[in-house]
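Line order of the protein sequences matches chains Y and L. First residue of the first sequence? That's 42 in the working numbering, and the numbers climb one at a time after it. First residue of the second sequence? That's 3 in the working numbering, and the numbers climb one at a time after it.
Worth flagging that the hints you see were computed from the coordinates, not collected in a lab. Note that beta-carbon positions come from the ideal geometry of N, C-alpha and C, so glycine has one too. Do not rely on the hints blindly, as some may be mistaken.
Label-pair ranges, simulated between beta-carbon atoms [said to hold, decoys possible]:
hint, chain 1, residue 1, chain 2, residue 2, range
1, L, 224, Y, 86, 33 to 39 Å
2, L, 174, Y, 318, 40 to 46 Å
3, Y, 86, L, 227, 42 to 48 Å
4, L, 107, Y, 84, 49 to 55 Å
Below, computed lysine-lysine pairings styled on BS3-like, alpha-carbon distance capped at 30 Å [what the hints assert, rightly or not]:
hint, chain 1, residue 1, chain 2, residue 2
5, L, 67, Y, 43
6, Y, 43, L, 8
7, Y, 219, Y, 238
8, L, 179, L, 103
9, L, 191, L, 179
10, Y, 234, L, 8
11, Y, 238, L, 8
12, Y, 135, Y, 43
13, Y, 135, L, 103
14, Y, 44, L, 187
15, Y, 43, L, 103
16, Y, 219, Y, 135
17, Y, 44, L, 179
18, Y, 234, Y, 219
19, L, 8, Y, 44
20, L, 103, L, 187
21, L, 103, Y, 44
22, Y, 219, L, 8
23, Y, 135, Y, 44
24, Y, 43, L, 179
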Amino acid sequence: MKKGTIILVIPTAIFSAVLLYLVIWNAVISFTNWSLLNPKISFVGLQTYFSVVRTFQFSNSILHSLELSASLVAIGNILGILFAGLLYFLSSNKARSVFLSIIIYPLAISMAVNALIWLWLFNINIGIDWLLVRIGLPQFPWLSSTSTMFPSLILVSIWAYTGIAALFYLAGFMNIDKSVIEAARLDGASAFKILYKLLIPNSFNSFIIATALLFLFSFRIFSLPYILSGGPTNIFLQTAVVYMYYLFTVEFFSQATAVATIITVIASVIIIPYALIIIRRWIRK
Amino acid sequence: MRPVVKASLHYLALAIVSILWLIPVYAMIVNGFKSNLEVLSSPVLSPPTSLSLTAYITVFNALAKPLVNSLIVVIPTSFISAFLGAMGAYFFYTLSYSFSKLSSVISDVLFSLIALATFIPYQATLIPLTRLIVSMGILDTYIGIIFAMLIFYIPTGALLMSMFVSVIPRSLIEAAKVDGTGDLKIFMKIVFPLSMPGFISTLIFIIIQSWNNFFIPLILVTTPNMRLVSVAVQSYTGGYGTLYNDTFAAAMLASVIPLAIFIFLGRYFIRGLIALGGGGKGV
């Protein structure tokens, strides 16, 4: 290979190597007992993992993360299909792009800002509840009750990320041969039947992409629980990344790296096959 | 059902979804203009009775420096990431038509790495990243934040640009190769200009992502003077003593740049999102 060709990839390779270095460093430190109380580092094998995995906070936060991801994947896919269906059957391209933008715009705003706005919308006196009470519905406790706190966070993430699923389903629907749809329509098939019998069965690729992206984005949501609960310590909103940040702030370094490594492994199990199979397939074509 | 009824039901459903989705941005726009007095008695969803700029003036004084800081970080980060990423993407493109076993292994390993850098919960690198930045002596500097962001956004740039570069016809590049032109020159003269729309999509995607990045500036900034706007808005979370017109004015100031980009150049942002799913073509 010529020198000029190699130069092209050097910047990308260097920064990717730095990332790899960070990930490996994490993994190495997770096998030690380094913390504020233990400034002298020694290797302790899997002991840190055993002690961290047994804590209530670990299982609590990892369950929250998985619950958030599972809810977002399930509800995001269902709403994504419905919204994409609504958009697909619009006859005007202009209207389609306006509605698509309305569903996607939360992605252009920072999650920290979204959290600020929703904090006030969740206010039980002057937020959404004010409207609910005015139209005769009961007040919903949102963030002021421990049992509705986490569902409220899921609600915000659905609002923020469903647009991605809708986008990929719409892209998938648009790629399906128009003549088949037209033929079905001439046979008198309803829009709902076309969606159910033709569009959805032919959108497996969209399903994989939407699922992978919804999982990966939700798995790293940090600022939303961080700001909704005013810091990393609220166990009702603590997700895995927030818990890891909490361990760092109290200087339990080896435990933080152990949690970080677990998070990285879970994410990589999705990322690497997704990259090599789904994304590469498009480039090789 | 009659077609007219069907069409109106269709639009009704879309209108309901749109209204639900627009509530937060509606709240953000109207509430920043309420006066301090009105905030005490008016709910978040009702429009202001008169327009007051008090909240914007208060908040702008506090956020002017963070806004400038964000611009200083985001502009170089996004341009460097998109451009260097484009170079990396063309490297993948040249590898993809070599059939040697070695180059396909290299390309798979590197591609997995850039995908990892793009999608990893980057919070997981918190401790080593902080240590690296501290040991380089660039904690709490613009260079430090930019460097940390480049670790994640150059690979993102390479991943997105791979989609856009892959549609360039092979014949064009082969013709240049026959003339003996090197790959670096082919990149500058042919690939980069031809993938300009893709470059803009990648650039805009990275501008919005880095502008909104909360975690990296949270951990790498230690003095108030260096805070980026995404972190500075944190001081406007609700709680006793906070007037919500300030919160919403702060939210608006922090979002006005990404929102303006989204409104005027949204199709590029959407193309960037689609590339994230590997579908740069035909959409």
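Against the structure, the hints:
One distance hint, 33 to 39 Å for the beta-carbon pair residue 224 (chain L) and residue 86 (chain Y), holds here, with the actual separation near 35 Å. A beta carbon spacing of about 28 Å between residue 174 (chain L) and residue 318 (chain Y) contradicts the range 40 to 46 Å that was offered as a hint. A hinted range of 42 to 48 Å for the beta carbons of residue 86 (chain Y) and residue 227 (chain L) is consistent with their spacing of about 44 Å. In this structure, residue 107 (chain L) and residue 84 (chain Y) break the distance hint of 49 to 55 Å, their C-beta atoms being roughly 32 Å apart.
Straight-line distance between C-alpha atoms of residue 67 (chain L) and residue 43 (chain Y) comes to about 47 Å, which puts the hinted pair past the 30 Å bound. Pair hint residue 43 (chain Y) plus residue 8 (chain L) does not hold up; C-alpha atoms about 62 Å apart against a cutoff of 30 Å. At roughly 14 Å between alpha-carbon atoms, residue 219 (chain Y) and residue 238 (chain Y) fall within 30 Å of each other, so this suggested pair holds. This hinted pair checks out: residue 179 (chain L) and residue 103 (chain L) have alpha carbons roughly 22 Å apart, not beyond 30 Å.
For the suggested pair residue 191 (chain L) and residue 179 (chain L), the alpha carbons sit about 12 Å apart, so the restraint of at most 30 Å is met. Of the pairs offered as hints, the one joining residue 234 (chain Y) and residue 8 (chain L) holds, with about 14 Å between alpha carbons and a cut-off of 30 Å not exceeded. With a CA separation close to 20 Å, the supplied pair residue 238 (chain Y) and residue 8 (chain L) stays within the 30 Å bound. Distance hint between residue 135 (chain Y) and residue 43 (chain Y) is unfulfilled; the C-alpha atoms sit about 48 Å from each other, more than 30 Å.
Distance hint between residue 135 (chain Y) and residue 103 (chain L) is unfulfilled; the C-alpha atoms sit about 47 Å from each other, more than 30 Å. Note on residue 44 (chain Y) and residue 187 (chain L): the hinted pairing holds, with a Cα-Cα distance of about 12 Å set against a maximum of 30 Å. A distance of roughly 17 Å separates the Cα atoms of residue 43 (chain Y) and residue 103 (chain L); the hinted pair therefore holds under the 30 Å criterion. A hinted pair counts as satisfied when its Cα atoms are at most 30 Å apart, and residue 219 (chain Y) with residue 135 (chain Y) qualifies at roughly 19 Å.
This hinted pair checks out: residue 44 (chain Y) and residue 179 (chain L) have alpha carbons roughly 15 Å apart, not beyond 30 Å. Between residue 234 (chain Y) and residue 219 (chain Y), the direct Cα distance comes to roughly 15 Å. Compliance with the 30 Å bound is thereby established for this hinted pair. Using a Cα cut-off of 30 Å, the hinted pair residue 8 (chain L) and residue 44 (chain Y) is violated, with the two alpha carbons roughly 63 Å apart. The straight-line distance between the Cα atoms of residue 103 (chain L) and residue 187 (chain L) is roughly 26 Å, inside the 30 Å bound, and the hint therefore holds.
Distance check on the hinted pair: residue 103 (chain L) and residue 44 (chain Y) sit about 20 Å apart at the alpha-carbon level, within 30 Å; holds. Between residue 219 (chain Y) and residue 8 (chain L), the direct Cα distance comes to roughly 21 Å. Compliance with the 30 Å bound is thereby established for this hinted pair. Between residue 135 (chain Y) and residue 44 (chain Y) the CA atoms are separated by roughly 48 Å; this puts the pair beyond 30 Å, and the hint is violated. Restraint check: the Cα-Cα separation between residue 43 (chain Y) and residue 179 (chain L) comes to about 12 Å, which is no more than 30 Å; the hinted pair holds.
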